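Peer 1: This is what each chain is made of:
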Amino acid sequence: MIQVPVERKVLSENDRVAAGLREALQSTGTLSLNFIGSPGSGKTAFLERTLQMLPQGTRAAVVTGDIQTENDAIRLARYGYPVRQITTGGACHLDARMVEKHLEGWDLGALDILFIENIGNLVCPTSYDLGEDAKIVVLSVAEGEDKPLKYPGIFRKAELMILNKIDLLPYVPFRPELAREYARRIHPEIDIISTSSLRGTGFDQWIDWLNARRSRKCDREVLHACTR
Amino acid sequence: MHEMGIASSILEAVRKEQLLYPGYRATKVGVRIGEFAGVDGESLRFCFDAIVKDSPLAPLELGIEARGGDELDLGWVEFDDAECDDSAVEVAA
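Listed in order, the protein sequences are those of chains D and S.
Just so you know, the working numbering puts 110 at position 110 of the first sequence, and the rest follows in order with no gaps.
Just so you know, the working numbering puts 44 at position 44 of the second sequence, and the rest follows in order with no gaps.
Pulled out of the complex, with its shape left as it was, chain D reads as follows:
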């Protein structure tokens, strides 16, 4: 019997495709954000409000994932930005190949921001690199505030936590300060923004975060690709 060391990522094929995506998005200066949250956490409504509030002239696009239906793409397409639906037919996460396939035909050089809405799930999407610049976790106040402790993987990997649906706080026994404490216990540097997609609360702060994140990327990446 011989034992041969292999020493590579189990998802090396996904990582290879993701690296290609990342390189392509870096060369065009396109900020790519991967939204992950439970079903019903409000990811689609959050993106709808975001598209409504993007500064004029922002060139954005959305790839949205669901197990079935094109409902989310139909909702998001109302705001005048390019949208594509990935229907996985049962898979509980997006992978890099799905994203690559659904970006075909789009001129990435004509995009400032690519929003990727993952399948509603706090576990499976965490394992898959989609070539994004940052993962963003969406947690709604209709869930438990201990989600960061129960699902530490995504809270550890996310750069930003959106604490969503705060308009419901008067009606639910959710303690936002506890959710923030738990999130920072898992990931001390995580940014946290509280929002209500229904009312637009917190979206000025979110748009500021988005602009700052894009500027930070442009500082690091190919500057001529970030002229706007």
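These are computed hints drawn from the structure, not numbers from a lab.
It cannot be assumed that every hint is accurate.
DSS-like cross-link-like pairs, simulated, lysine-lysine; straight-line CA separation at most 25 Å [to be verified]:
| hint | chain 1 | residue 1 | chain 2 | residue 2 |
| --- | --- | --- | --- | --- |
| 1 | D | Lys9 | S | Lys53 |
| 2 | S | Lys28 | D | Lys9 |
| 3 | D | Lys101 | D | Lys9 |
| 4 | S | Lys28 | D | Lys150 |
These numbers come from a predicted model, not from an experiment.
Got chain D; can you put chain S on it based on the hints?
Peer 2: Relative to the frame of chain D, chain S by itself:
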């Protein structure tokens, strides 16, 4: 259940590794799973066993090493010399 996809990726990696060692047969593969990897070891084992039994790599055992971070790595593959089948050897008392 993304463990099924991960199990398929492990099998594919072993299949490629097997090609590098003609005359040997892969008997066990070791993976390292971090506590933040978002992968349940028992679910992965269930999926792995379900798909390996109908594959040319059967029988193949999955070894899981639990780690602390978010790693999900293939660590090693064990091979037996296929031409030296222990089961065919009779031990004279």
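Peer 1: Indicate, hint by hint, whether the structure satisfies it.
Peer 2: Comparing the hints with the structure gives:
This hinted pair checks out: Lys9 (chain D) and Lys53 (chain S) have alpha carbons roughly 23 Å apart, not beyond 25 Å. For the given pair, Lys28 (chain S) sits about 17 Å from Lys9 (chain D) by alpha-carbon distance, which is consistent with the 25 Å threshold. Straight-line distance between C-alpha atoms of Lys101 (chain D) and Lys9 (chain D) comes to about 22 Å, which keeps the hinted pair within the 25 Å bound. A distance of roughly 32 Å separates the Cα atoms of Lys28 (chain S) and Lys150 (chain D); the hinted pair therefore is violated under the 25 Å criterion.
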